[in-house]
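Novice: Single-letter residue listing:
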Amino acid sequence: MTLSSYLPIWPLSVSPALWLALALVIAVLVGEGLVRYLRLPRIVGYVGVGLLMGPAGLNLIPELPASEWRLLVDLALGILLFELGSKVNLRWLKANLWIAFTSLLESSATFFAVFALLLWFDVAHVTSAVVASICIATSPAIVVRTVTESRAQGQVTERLLLMTALNCIYAIICHKIAVAFMYDESGTRLIHTVLQPLYLIGGSAILGWLFGNAFNTIHLHLGRHEETFSFLLFGMIAIATIAASTLKLSPMLILLSAGLIVRYRRRRPHTFLPHFGSAGAVLVVLMFTASGLMANLSGIRDSLMMVLLLILVRTAAKLTPVLLLAKFSGISLKQGLALGIALAPMSSLTLLLTLDTAAAFPDFASGMGLILMSCIVILELVSPIMVQMALRGTGETLEGRS
Amino acid sequence: MSLMPFASSEPLSIGVELELQLLNCNDYDLVSSAPDMLRRIARKTHHGEIKPEMTRGMIEINTSIHHEYVSLVEELNSLRKTVSDAGRFLNIAVAGGGTHPFQHWSEQKIFDAPRFHYLSDLYGYLAKQFTIFGQHVHIGCPGPDEALHLLHMMSRYVPHFIALSASSPFVQGHDTGFASARLNSVFSFPLSGRAPFVLSWEDFERFFSKMTETGVVESMKDFYWDIRPKPEFGTIEVRVCDTPLTIEVAAAIACYIQSIARYIMIDQKDEPREDDYLVYTFNRFQACRFGLEGVFIDPRTHKRRTLREDIAEMLTRIADHAVELQAQGAMSQISKILDTGNGASWLRKTYSHDHNLSDMVQQQSDLWMNGQ
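Going down the list, the protein sequences come from chains L and V. Residue numbers for the first sequence follow this note's numbering, beginning at 6 and rising by one. Residue numbers for the second sequence follow this note's numbering, beginning at 2 and rising by one.
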């Protein structure tokens, strides 16, 4: 027996996993510090620490290909989308058509404004359409997380959740259609560009309906036990993700619509724990930290102008229709301003759509994909603060204010 | 500041004020959306008045002056429709009931108006704890002395009104055991309780100016009495009722009070006595705690019976007055309450199905918004 058989060999060889674990702990600590001393949202800390320790920052954690993170993001985003859906009352749209109208206008304004901006930058039509459709979505992760954290309640909060759920649906659908055109350009028959989105929407909706009803039935009979829920939900998300890849559907659309169905068909009011329990909460923190680690800032280096303009135009395109229709839909101009600003976040849903596109089109990965990734990084750091300010400014948060 | 002169009003005319709960449609907790509701409601003309209250999870509806049950129900219905429509437009549910069963008082937000901020500064947490929901009934009086006479004679029946309207068994997430726990919050105010035993308006003015000189009060609004005179309307205001779960019951209780007032004004020749108040707080406590099952001690005969029995007997005694006032519909509502129970027992029964307070509040708001 030699010394080296039971003592570590110097220099220590540490698995990169240690740094990852450390990043998570630091992220949580920094997040708490931000809340306590600066009253800023925790997400900023999670993303910031990831960014700082990852390849884009101090490079303490070696770069992992995005596909390695995929499972984590899929799971966490699945939870958040399902959570978002279960908080949204679709029946409200029937009673207040102005909100439906605001949502449609806000989303189409975003699409066309971003599309026009990219054409002006001489980006190809189809690529511009893909990016513009991705830009429609407000980040469900940032919105749900910030609302949960600030315990916000009121007109702006509820409209923010509803309009986010809706624009995510539009974004996923528009994205598929736009991508279908991208395929078409590289030589597919027209029939497929029509059939594919139809299949996607119909298939995802049916699966979402099945999941939602199954969840409600199980919940009704099993009651509210945290662990039961977590298992149920993780199982459901795993099945949805696998079913989606087997059937070539969108797991995001399935889980969001499942959440909406749960809320729409519920017989009794029930509230769930934030992120459906502590397991979900850990995943959500991990996801934000991971998105900082994955950050690719080359877009900021190479085309800062375009990145900033994209963010600016997108935010303005969301804000203007909301402001214009505020009075009609029953909120004040101040609330409209807050709502419009709070629609700005971009995060993991955008990231997944970008990665999906990049995987199929290498040109996109090295071009507009990088621009989008940069927008995501900037907005992940800035927009949680914007959402928090919007909700605070309208007095909808519960953080010890009268 | 001296007391304003007692305005003239038509004897036995009635007006009703109801404080209502604003709820979110997710877990049915109170939501601080009174400004949104009022902004929406202000867009269209409507009957009566709709006003803010102390905290932003509350809203108050006031009827105009009425003489009979049918027209009162009609106006309350139209007010209910106005408020419910605004609520549906904003995804806010509206409900009756004297307390919200699980709101946290500390999370309530004071409505942005000088008077509410003044009260909040003065009373501190009591102001937020005042997120409770009552029904106030105004009765027109021929003159100020008659008003004080009616006020003190009416005090015998205060437990009736409490037991009939009681609909606040749950507070801060728990069953309090009370039928009306709401009044316990009122009693913590320094100037709550009964009006002083003063029978002429002259004496009352003297009492009032002595009180203002002490600096304790500025206006009649600072008294939180169970029944208080309202000189600017020429009425007395009965303030002990919880907001019932439906407007039909609210209207019926208002007309029950009206019929008793007519009985006192026309049939009862007795004068009020200070000793009538010996049993007052006992009876009132019994009504709050046990509702219709509470013990009632007659202040004159000292006979004991349940409130249900005393109310039943009162219904026969005032039957003719109710006919004169065209309040028969109201009286059958009251007997129905005696048979099937008040709001508190409805709430407890609903809660017992699956022990979920959010669920109970949802059904409570369905009941209020869609009617019986």
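By construction, these hints were calculated from the structure, which means they are not laboratory data. Wrong hints could be hidden among the right ones.
[What the hints assert, rightly or not] Just some of the chain V residues that point at chain L, by a computed CB distance under 10 angstroms:
| # | residue |
| --- | --- |
| 1 | Tyr29 |
| 2 | Ser34 |
| 3 | Arg44 |
| 4 | Lys45 |
| 5 | Asp86 |
| 6 | Asn92 |
| 7 | Val95 |
| 8 | Asp113 |
| 9 | Gln130 |
| 10 | Glu203 |
| 11 | Tyr352 |
| 12 | Asn357 |
| 13 | Val362 |
| 14 | Gln363 |
Yeah, the Cβ is synthetic: ideal placement off N, Cα and C, and Gly gets one too.
Novice: All hints, please: hold or fail.
Specialist: Checked hints:
| no. | hint | in the structure |
| --- | --- | --- |
| 1 | Tyr29 | 6 angstroms, holds |
| 2 | Ser34 | 6 angstroms, holds |
| 3 | Arg44 | 9 angstroms, holds |
| 4 | Lys45 | 12 angstroms, violated |
| 5 | Asp86 | 9 angstroms, holds |
| 6 | Asn92 | 4 angstroms, holds |
| 7 | Val95 | 13 angstroms, violated |
| 8 | Asp113 | 9 angstroms, holds |
| 9 | Gln130 | 14 angstroms, violated |
| 10 | Glu203 | 43 angstroms, violated |
| 11 | Tyr352 | 12 angstroms, violated |
| 12 | Asn357 | 6 angstroms, holds |
| 13 | Val362 | 8 angstroms, holds |
| 14 | Gln363 | 5 angstroms, holds |
Of the numbered hints stated above, those contradicted by the structure are hints 4, 7, 9, 10 and 11, listed in ascending order.
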